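K.L.:
Residues per chain are reported as follows:
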Amino acid sequence: MSKGQINNQIRKLRFMQGEMTQAELADKVGVTRQTINALEASKYSPSLELAFKIADVFSKPISEVFFYQATE
Amino acid sequence: MMSRQEILSWSSLGFSLSVVFFYIIFVFGWPEIIPDYSDRFTKVFLNVFWIALAVELIIGLTEHKSKVLKDERDEKIEAYGHKYAYTFLSVSIVAILFQIMLSNFLGPEGSQYLLLGSTSMIIHVLFIVLFASSIVKRITMIYHYKKEW
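So the sequence lines, in the order shown, correspond to chains A and B. To convert, count from 1 in the first sequence and add 44; that's the numbering used here. To convert, count from 1 in the second sequence and add 71; that's the numbering used here.
Treat the hints loosely; a few may be bogus.
Derived pair list, reagent style SDA-like, types lysine to any residue, alpha-carbon separation capped at 20 Å [as the list claims (entries may be wrong)]:
| id | chain 1 | residue 1 | chain 2 | residue 2 |
| --- | --- | --- | --- | --- |
| 1 | A | LYS87 | B | TYR216 |
| 2 | A | LYS72 | A | GLU84 |
| 3 | B | LYS138 | A | GLY74 |
| 4 | B | LYS141 | A | PRO105 |
| 5 | A | LYS87 | B | ARG75 |
| 6 | B | LYS141 | A | ALA95 |
| 7 | B | LYS147 | A | ALA82 |
| 8 | A | LYS87 | B | MET72 |
| 9 | B | LYS136 | A | GLU68 |
| 10 | B | LYS138 | A | MET64 |
| 11 | B | LYS114 | B | LEU88 |
| 12 | B | LYS138 | A | LEU94 |
| 13 | B | LYS136 | A | ASP71 |
| 14 | A | LYS72 | B | LEU88 |
| 15 | B | LYS218 | A | ASP71 |
| 16 | B | LYS136 | A | GLN66 |
| 17 | B | LYS136 | B | VAL126 |
| 18 | B | LYS217 | A | ASN81 |
| 19 | A | LYS72 | B | LYS218 |
| 20 | B | LYS141 | A | ARG77 |
| 21 | B | LYS218 | A | GLU84 |
It is worth saying that the hints were derived from the structure and are not from the lab. As the structure is a computational prediction, the values presented were derived from the model and not from experiment.
Could you put together the complete structure from these sequences and hints?
P.N.:
Written out as structure tokens, the structure is:
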């Protein structure tokens with residue numbers, strides 16, 4: 045099975061949402077600011093629940109926030 | 072900036088390292104091959120001990136100010152820490168049990184050549200292994216906080 049990476053548009057969506065800070069987003073979804081930072085840097089893959097919560101904050105479907113990229 | 076759990080991992084690592092250092096010095100004494108550095112090492116580990124204690128106290132006292140103490144990423148990293156610490160502890164205990172069985176088999180005369188030939192030595196090693204597994208857990212957690220997923 046090939047490995048993949050989950051990328052996202054969280055940083056872009058944050059700025060589009062009235063320049064929301066990482067801390068504000070973290071408070072809304074119930075995680076630490078460091079986790080949001082790790083998510084934006086694609087250093088951490090969120091759980092399904094967290095991914096849905098983040099998508100809900102931006103009022104976007106989850107597929108517009110997170111992208112799966114398969115690597116060889 | 073480090074998260075609360077990452078800071079706690081560092082302070083706990085420092086605390087465990089200093090406890091192990093002082094316990095080994097207390098039980099086995101300072102090695103004769105490096106006598107000139109005993110004061111320096113003692114001062115360093117004493118400072119590490121007090122700093123770690125202070126950090127854990129501050130973190131504990133300021134807990135009420137944080138909205139999220141531990142999130143899913145912290146729990147995932149802690150699970151990795153538990154996994155490797157448990158593996159280390161299991162292997163160590165099996166090795167100790169093997170030594171005890173060998174000691175019983177060889178009797179008092181043969182046991183003097185074993186590392187764990189006496190009951191007191193077994194207790195000391197068990198204590199050290201306990202703190203060493205905590206060190207393994209914290210190192211694993213710090214590694215995962217720092218590396219890319």
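K.L.:
Hint by hint, say whether it matches the structure.
P.N.:
Hints versus structure:
1. A:LYS87 x B:TYR216: holds, 10 Å
2. A:LYS72 x A:GLU84: holds, 16 Å
3. B:LYS138 x A:GLY74: Since the Cα atoms of LYS138 (chain B) and GLY74 (chain A) sit roughly 8 Å apart, the hinted pair holds (cutoff 20 Å).
4. B:LYS141 x A:PRO105: The hint is violated at about 27 Å.
5. A:LYS87 x B:ARG75: holds, 18 Å
6. B:LYS141 x A:ALA95: At roughly 17 Å apart (the allowed maximum being 20 Å), ALA95 (chain A) and LYS141 (chain B) satisfy the hint.
7. B:LYS147 x A:ALA82: holds, 13 Å
8. A:LYS87 x B:MET72: It holds: about 15 Å lies between the C-alpha atoms, which stays within 20 Å.
9. B:LYS136 x A:GLU68: Holds - the C-alpha atoms of GLU68 (chain A) and LYS136 (chain B) are around 15 Å apart, at most 20 Å.
10. B:LYS138 x A:MET64: The hint holds at about 18 Å.
11. B:LYS114 x B:LEU88: holds, 13 Å
12. B:LYS138 x A:LEU94: holds, 16 Å
13. B:LYS136 x A:ASP71: Cα-Cα ~13 Å, so holds.
14. A:LYS72 x B:LEU88: Violated - the C-alpha atoms of LEU88 (chain B) and LYS72 (chain A) are around 38 Å apart, more than 20 Å.
15. B:LYS218 x A:ASP71: violated, 24 Å
16. B:LYS136 x A:GLN66: Distance ~18 Å between LYS136 (chain B) and GLN66 (chain A) Cα, so the pair holds.
17. B:LYS136 x B:VAL126: holds, 16 Å
18. B:LYS217 x A:ASN81: Roughly 13 Å between the alpha carbons, so the hint for LYS217 (chain B) and ASN81 (chain A) holds.
19. A:LYS72 x B:LYS218: violated, 26 Å
20. B:LYS141 x A:ARG77: holds, 11 Å
21. B:LYS218 x A:GLU84: Holds. LYS218 (chain B) to GLU84 (chain A) sits at ~15 Å (cutoff 20 Å).
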